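There are 2 protein chains.
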Amino acid sequence: MMQGKRVLSFGAGPGLWPDEVLARASELILPGPGTGLSPLEMSHRSPDYGEFHARALASLRRLLGAGQEHEVLLLPGGATMQFAMAPANLIPVDGVADYLVTGRWARLALSNARKWAQARVVASSEGEAFAEIPARETWDLDERAAYLHLTSNNTVVGTQLPLLPKGLDCPMVIDASSDVLTRELPLDGVGMLYAGAQKNLGPAGLGLVLIRRELLEIMPRSLPAMLSYREHAARGSLLNTPPTLLIVLLSLMLDWIEGEGGVPEMCRRADERAEIVYSALSSHPGVYSLPARAPWRSRTNVVFRLVDSARDGDFLAQATGRDLVGLEGHRSVGGLRASLYAPMPVDGARRLASLLDDFAAALGREGA
Amino acid sequence: MMQGKRVLSFGAGPGLWPDEVLARASELILPGPGTGLSPLEMSHRSPDYGEFHARALASLRRLLGAGQEHEVLLLPGGATMQFAMAPANLIPVDGVADYLVTGRWARLALSNARKWAQARVVASSEGEAFAEIPARETWDLDERAAYLHLTSNNTVVGTQLPLLPKGLDCPMVIDASSDVLTRELPLDGVGMLYAGAQKNLGPAGLGLVLIRRELLEIMPRSLPAMLSYREHAARGSLLNTPPTLLIVLLSLMLDWIEGEGGVPEMCRRADERAEIVYSALSSHPGVYSLPARAPWRSRTNVVFRLVDSARDGDFLAQATGRDLVGLEGHRSVGGLRASLYAPMPVDGARRLASLLDDFAAALGREGA
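First to last, the protein sequences are chains A and B. Read in order, the letters of the first sequence are residues 1 to 368 in this note's numbering. Read in order, the letters of the second sequence are residues 1001 to 1368 in this note's numbering.
If you're looking for bench data, these hints aren't it; they were derived computationally from the structure. Heads up, a few of these hints could be off.
A short, non-exhaustive set of chain A residues, derived as facing chain B with CB atoms under 8 Å [claimed, not checked]:
#1 V7
#2 L22
#3 S38
#4 G78
Okay, the calculated beta carbon distance ranges per label pair [to be verified]:
#5 B:P1162 - A:E260: 51 to 59 Å
#6 B:M1219 - A:S309: 35 to 43 Å
#7 A:A317 - B:V1093: 47 to 55 Å
#8 B:A1362 - A:E51: 31 to 39 Å
#9 A:S111 - B:P1264: 53 to 61 Å
Remember, predicted model here, so these are calculated numbers, not experimental data. For every residue, glycine included, the Cβ atom is placed at its ideal position computed from N, Cα and C.
Build the full structure now, drawing on both the sequences and the hints.
As structure tokens, then:
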């Protein structure tokens, strides 16, 4: 099925797909031998589509460890839509929510919340160019807060919250777009967890929301149905015609993740990949630097710089020569970045490490 | 590529796809010989994806006849999201909008508008079970209205607005989900036109919005970026990671529509299909009845009933036996419905007409 060259993407999103899942998707998009219909043509209320829908939701529930107390929803619009919906659904009209500002996306989540209600900054590392995550002791929490919003992994500078805080007075709302399923995220204390699907879970254009059922009772303001978690939950994420094909493709990717060993295996691979890439970078301190400080370095977005940034173009060209792409840093900070999402093979990290070593060695020879 | 049986769907949405477009989609989802990437893996900011994005928007502009004064946007969430966004973006905080209530979806658009602002019913045919569209002379228009909302085609009872009204004091906002590109819709007087893509344009989970640029200046309330037409327009429908694969597939479907002859040819086929199916129904008045009254009958959703509704199951079973599916009526009204969207071949209408004739003939023999 696959022909010609195959390129490995380290882009920050959309992420890469395993060849076998793409092959299955390619086959599945054609009219099926049983139904005679493409999934693109199936009614979202038909049993044939319903099987994919239920399968994707059940996989997600298992992978996230969701219990009876949790709803799991699939919504359009990715994480950015949740920046808008979470505060609208969860902050009382005269209430307040707390936000920990650890990166560009956390800041955007905050500014979205402020369109609806009061939202406070409990701490921010913006003054340190987001190179670290503010220590818990420095957080100025508000006891009235409806929730504390956290970004579990920050893609732009490449930091990650190593552990979720415990013993808070309010539920946490967590944007886990860039590390969901690549780490164990215990759900106690979590009121809501959300993620755009396009990094670790597959198709761009879907948002995953896990929410405690009791939070669905709040509904502090009158909202159109499409913006209401309660309405989506009551209709099993079939409030309107959902992005059916994307949910079918999500179910294929989740099947693959479960088949490979689920979250424990995805965590193990994430650790191994990160270790391989960070080791290579650290072996050449004269060539590469890391803006994120050590205890907070991300396992899914390795952000690095060439000490001689004039060579960025050379590095990228050599990467492309080896069929490794998407290594440019975020446009707001420049530099380089390797995103290592759930479907990234460990061998991909090894190929990147070889490039890092060879590039450094060549620079050394030039300098000699 | 296609194997086994091929079934023709008359479902109200998602609609059917031409075999050749599905074959192209199946091929395209695999890593391309040039890029080595699947479109699922392409950055939404990459030139490779950008080509599809620009191509889809340019096709839409041509097909809709959009001019310099119009923005065309591709948004997540389908038409239901526009039920929420249109009033939020277009009705001043203390203002009002007018709604013509011609069906279930028009009523839902109205109730969504009322979440944000005042929305009036200018006329409703709900008392007539939506069997007709209220005559223009009966519309109680408000001169303060920010817009008049119209549903150009009503899928549940199968009525259609034959012509858009002229000489209004306010712009029209038109939900054209179920007849866009199957009729000529002159844009003078149209402030905004929107459609879920899954009926006439392909993939479920995308909304198309055409809006006059001057309306983007209004922005009566502070909205999160994802809910703001102005923000989406300023970012070329790339505000966040869009449903990239759906936009790629949309571009394939639009290529097909343009290749077949564009809107004039889609209109001609719509007329021919509707004529074939309505003629067959009308030939057997003792067997079939039509709830929609004659001047308002829809060319894309032919809603009909068996005079002996106890035979609905028989009819559907015979249809399935001929590989014709999706003929159930909307769950709120029962009966039968044939949706004839842009990609429906004229031959599909002929196959349905044969079934209608044969079913009626068999009933006649039973009765004889």
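Going down the list of hints, with the structure as the test:
no.: 1; hint: V7; in the structure: 3 Å, holds
no.: 2; hint: L22; in the structure: 5 Å, holds
no.: 3; hint: S38; in the structure: 5 Å, holds
no.: 4; hint: G78; in the structure: 6 Å, holds
no.: 5; hint: B:P1162 - A:E260: 51 to 59 Å; in the structure: 57 Å, holds
no.: 6; hint: B:M1219 - A:S309: 35 to 43 Å; in the structure: 40 Å, holds
no.: 7; hint: A:A317 - B:V1093: 47 to 55 Å; in the structure: 54 Å, holds
no.: 8; hint: B:A1362 - A:E51: 31 to 39 Å; in the structure: 34 Å, holds
no.: 9; hint: A:S111 - B:P1264: 53 to 61 Å; in the structure: 46 Å, violated
Comparing the model with each earlier hint shows a violation of hint 9 alone; every other hint is respected.
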